[in-house]
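Asker: Given the coordinates of chain X, work out where chain Y should sit on it, guided by the hints.
Here the protein sequences come in this chain order: X and Y.
Those letters in the first sequence? Residues 1 to 230, by UniProt numbering.
Those letters in the second sequence? Residues 1 to 230, by UniProt numbering.
Each hint should be verified, as a subset may be incorrect.
The list treats identical chains as interchangeable, and a pair is accepted whether it falls inside one copy or across any two copies.
Below 25 Å or equal to it, Euclidean Cα-Cα: the simulated SDA-like pairs (lysine to any residue) are [said to hold, decoys possible]:
| # | residue 1 | residue 2 |
| --- | --- | --- |
| 1 | Lys-158 | Ala-186 |
| 2 | Lys-158 | Phe-129 |
| 3 | Lys-202 | Asn-67 |
| 4 | Lys-158 | Ser-224 |
| 5 | Lys-16 | Asn-67 |
| 6 | Lys-139 | Thr-38 |
| 7 | Lys-77 | Gln-210 |
| 8 | Lys-139 | Gly-159 |
| 9 | Lys-139 | Arg-53 |
None of these hints come from the bench; they were simulated from the model.
These numbers were taken from a predicted model, which means no experiment stands behind them.
2 protein chains.
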Amino acid sequence: PPGRKVLIVYAHQEPKSLNGSLKRVAVEELSKQGCSVTVSDLYAMQFEPRATRNDIVGCLHNSEEFNYGVETWEAYKRGGLSSDLIEEQKKVQEADLLIFQFPLYWFSMPAIMKGWMDRVLVQGFAHEFPNCYDSGLLKNKLALFSFTTGGSREMYAKGGISGDIRYLLWPMQHGIMHFCGVRVLAPHICFAPEYVSEEKRKEMLIAWAQRLKTLWKEEPINCSPEWYFK
Amino acid sequence: PPGRKVLIVYAHQEPKSLNGSLKRVAVEELSKQGCSVTVSDLYAMQFEPRATRNDIVGCLHNSEEFNYGVETWEAYKRGGLSSDLIEEQKKVQEADLLIFQFPLYWFSMPAIMKGWMDRVLVQGFAHEFPNCYDSGLLKNKLALFSFTTGGSREMYAKGGISGDIRYLLWPMQHGIMHFCGVRVLAPHICFAPEYVSEEKRKEMLIAWAQRLKTLWKEEPINCSPEWYFK
Numbered sequence: 001p002p003g004r005k006v007l008i009v010y011a012h013q014e015p016k017s018l019n020g021s022l023k024r025v026a027v028e029e030l031s032k033q034g035c036s037v038t039v040s041d042l043y044a045m046q047f048e049p050r051a052t053r054n055d056i057v058g059c060l061h062n063s064e065e066f067n068y069g070v071e072t073w074e075a076y077k078r079g080g081l082s083s084d085l086i087e088e089q090k091k092v093q094e095a096d097l098l099i100f101q102f103p104l105y106w107f108s109m110p111a112i113m114k115g116w117m118d119r120v121l122v123q124g125f126a127h128e129f130p131n132c133y134d135s136g137l138l139k140n141k142l143a144l145f146s147f148t149t150g151g152s153r154e155m156y157a158k159g160g161i162s163g164d165i166r167y168l169l170w171p172m173q174h175g176i177m178h179f180c181g182v183r184v185l186a187p188h189i190c191f192a193p194e195y196v197s198e199e200k201r202k203e204m205l206i207a208w209a210q211r212l213k214t215l216w217k218e219e220p221i222n223c224s225p226e227w228y229f230k
Numbered sequence: 001p002p003g004r005k006v007l008i009v010y011a012h013q014e015p016k017s018l019n020g021s022l023k024r025v026a027v028e029e030l031s032k033q034g035c036s037v038t039v040s041d042l043y044a045m046q047f048e049p050r051a052t053r054n055d056i057v058g059c060l061h062n063s064e065e066f067n068y069g070v071e072t073w074e075a076y077k078r079g080g081l082s083s084d085l086i087e088e089q090k091k092v093q094e095a096d097l098l099i100f101q102f103p104l105y106w107f108s109m110p111a112i113m114k115g116w117m118d119r120v121l122v123q124g125f126a127h128e129f130p131n132c133y134d135s136g137l138l139k140n141k142l143a144l145f146s147f148t149t150g151g152s153r154e155m156y157a158k159g160g161i162s163g164d165i166r167y168l169l170w171p172m173q174h175g176i177m178h179f180c181g182v183r184v185l186a187p188h189i190c191f192a193p194e195y196v197s198e199e200k201r202k203e204m205l206i207a208w209a210q211r212l213k214t215l216w217k218e219e220p221i222n223c224s225p226e227w228y229f230k
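Looking at chain X on its own, in the form it has when it is part of the complex:
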């Protein structure tokens, strides 16, 4: 609906890829609805995935023994995080909905996107014990993981060789988003687009656009072990 803000965190090297098209479809459809859409195109930004001392501007809290979690927490509080992190945090802060668009790499997100999670969602900003899970600091936001797979739907079925696809959603949806208080919408999965016809890939894009039309009416999933492991 008009006024809603969406951040798409996008990790694919090739604009012509299905991931690139899925991202474009989301920008178009959500903009048409009157949403304001921002894209963090991680490869294009050459986003830094490594969590290092460079993320803290100026002196360290403890220069004797470097602790990334403590240092970024302290730096956040005094406004001393590196500018690329501050920029991403602003985008997150403003967003009502976060869409993560990526190809599944090794049952998870590509390293460049994992680095976005590791570096952007610092303590003090996204969580601050005991403010985690339902009381995480990013509550009142929604997240949606939209990804493509190499393996087929059958491989990712319960009893399939790769196990139920929901098993691998646990660390991303529960461990990251729910931990920060974000409510999670059902994932959007395009299985094995490389092994289907151009026709089928077009249907995948249409299905995504279709889903986005009624996205704001969706209820978040119940992000507890039952949803994942039954």
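Answerer: Chain Y alone, transformed into the frame defined by chain X:
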């Protein structure tokens, strides 16, 4: 035992950290046994986690539309991967045992280590459909995930707020290592070392050294959904 080769893939910024000590203990104990031990110290190497066109030397197989999986597969076959990847692959090829030593970041490994998985374990080298899982190309090797957590053992208990720690091992142990044919030893987990006494942390180091003494007699876990989700 003498002659066995071990590769430790290590991801911590601070040598004085518990992860740094766990790595050192492993190097010492395994060397004492007569093993030959190699360490890939990812932060010290400034290891590149991003999967990009730079990983392919020379011309692309398809320069119209970049597909990382296809391009690295083709590059592997013609010896055209970037030199940092060839070097890591040599270390993996020679190793009988891979130890991954890291602090848990967001229910998973730090991005720099995920990038090692994304970039080193390319098709043709580590797997080549249908040679995956029990017939993956790295069969006859062992892997062990050794990590520290922020959360306590209670949080990671079945029914705990963060769920059974085994839930989050699925993508790493089954999705990556088992997929490549590697048999997986039980993980080694140090819970919440930042919140215990110096005394307790020393006990953690001793326990790790102790386990390593009889490591070669251990049976791999049965890496199937039952082990993870009961």
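Asker: Of the numbered hints stated earlier in the document, which are not met by this structure?
Answerer: 7 and 9
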